[in-house]
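Engineer: Please model the complete structure; the sequences and the hints are all you need to start from.
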Amino acid sequence: MPMDRAAEMEIFVHAVEEGSFSAAARTMRLSPSAVSKYISRLEDRLGARLLMRTTRQLSLTEEGRAFYERARTILNEIEEAEEVVTQLYAAPRGTLRINASVAFTKYQVVPLIPEFLARYPDVRIELTLDDKFTDLVNDGYDLAIRLSALEDSSLIARKYAVNRRMIVASPEYLEKNGIPRKPQELENHDCLHLSSRESFNDWHFDTPEGHVSFRAQGSFSANDGDALHEAVVAGLGMARLAEYLVHEDIRAGRLTPVLTEYVHDLAWISAVYPHKRHLSPKVRAFVDFLAEKFTPIPPWELGLRDARSVRKPEAVTETKAIAAPVTGQQS
2 MPMDRAAEME
12 IFVHAVEEGS
22 FSAAARTMRL
32 SPSAVSKYIS
42 RLEDRLGARL
52 LMRTTRQLSL
62 TEEGRAFYER
72 ARTILNEIEE
82 AEEVVTQLYA
92 APRGTLRINA
102 SVAFTKYQVV
112 PLIPEFLARY
122 PDVRIELTLD
132 DKFTDLVNDG
142 YDLAIRLSAL
152 EDSSLIARKY
162 AVNRRMIVAS
172 PEYLEKNGIP
182 RKPQELENHD
192 CLHLSSRESF
202 NDWHFDTPEG
212 HVSFRAQGSF
222 SANDGDALHE
232 AVVAGLGMAR
242 LAEYLVHEDI
252 RAGRLTPVLT
262 EYVHDLAWIS
272 AVYPHKRHLS
282 PKVRAFVDFL
292 AEKFTPIPPW
302 ELGLRDARSV
312 RKPEAVTETK
322 AIAAPVTGQQ
332 S
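Numbering (the working numbering), first residue to last: 2 to 332.
Since the hints were made in silico from the structure, they are not lab data. Some hints could be false.
Said to hold, decoys possible - Calculated pairs, EDC-like style, for lysine to aspartate or glutamate (alpha carbon to alpha carbon, straight line, at most 16 Å):
#1 Lys183 <-> Glu262
#2 Lys177 <-> Glu199
#3 Lys38 <-> Glu78
#4 Lys294 <-> Glu116
To be verified - Using C-beta positions, here's what the derived DEER-type ranges look like:
#5 Ser214 <-> Leu61: 44 to 50 Å
#6 Ala49 <-> Val86: 32 to 38 Å
#7 Lys133 <-> Pro300: 24 to 30 Å
#8 Ala253 <-> Ser200: 39 to 45 Å
#9 Ser32 <-> Pro112: 53 to 59 Å
Nothing here was measured: the structure is a model prediction, and the numbers come from that model. Every residue, glycine too, gets a C-beta built ideally from N, C-alpha and C.
Structural biologist: Below, the structure is given as structure tokens:
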């Protein structure tokens, strides 16, 4: 790309994003007349009006909108190419601010942090455990650890493993109340209820007849996944809990999974962070460290593979994530 064409493109993008020639001029350290000259030359070369100018504001024409979107992508790629080189020589350092779901992080991430800090001694971790909705960018977090479904957006998600949930009960409860063989038989059982997130109480199953949903309700409810975990171990009923939370109980015989052939997997365990052109060495180091620990088979699945059929998702590294505020999902 000739140097003057690259300059025209950059100046045009700054003018659009900053709303005026004078603001773009200050950013680019040029005079407003120079900015106007570059953009006029760009429009003459393209043979199209890109901006509508008034004394107070700029607005994009249809042609200008199409050019801006492509130019912004090209400039992002140039910045990423430069960062690849500079970050090769940059050691991870500084404070890493993480927002994460409570239960998963407490049981699976926190025990790994001493190893990470030993590997990267110039990094300091500031961890916030929160199961409420969190605006990742506006609240100043470098990344979030998230347990939920992902869709396209401007955020990036590093997927690690499926957040596989299981219907479990204590052997004592099953001996007294029987083992359900089909999802429909849950109507005859005491199913523990999470009061803090109603959508969590919709249990989903894939059956030969199609998708089936069941609304959990019973004699016990709590606003915390850990409380449900303790209650199901104590024999109060059945609960739908994440495998990472109950795998040790299953191995020890304190809990028994049921309906394993029907349970529907809904979500990924992921690290979510702003667009990778802003990714710092400390964030890259942490998301790669978690990938090292949680893929291709997460540790909580080891030892349980013979107990049920394990459906591994396709290998994924990074993808787009939802643009809505980031939330951690507890169980």
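Engineer: Next, verify each hint and record whether it holds.
Structural biologist: A quick look at each hint next to the structure:
no., hint, verdict
1, Lys183 <-> Glu262, "holds, 10 Å"
2, Lys177 <-> Glu199, "violated, 28 Å"
3, Lys38 <-> Glu78, "violated, 26 Å"
4, Lys294 <-> Glu116, "holds, 11 Å"
5, Ser214 <-> Leu61: 44 to 50 Å, "holds, 45 Å"
6, Ala49 <-> Val86: 32 to 38 Å, "holds, 35 Å"
7, Lys133 <-> Pro300: 24 to 30 Å, "holds, 27 Å"
8, Ala253 <-> Ser200: 39 to 45 Å, "violated, 30 Å"
9, Ser32 <-> Pro112: 53 to 59 Å, "holds, 58 Å"
Hint compliance for this structure: hints 2, 3 and 8 are not met, and every other hint is.
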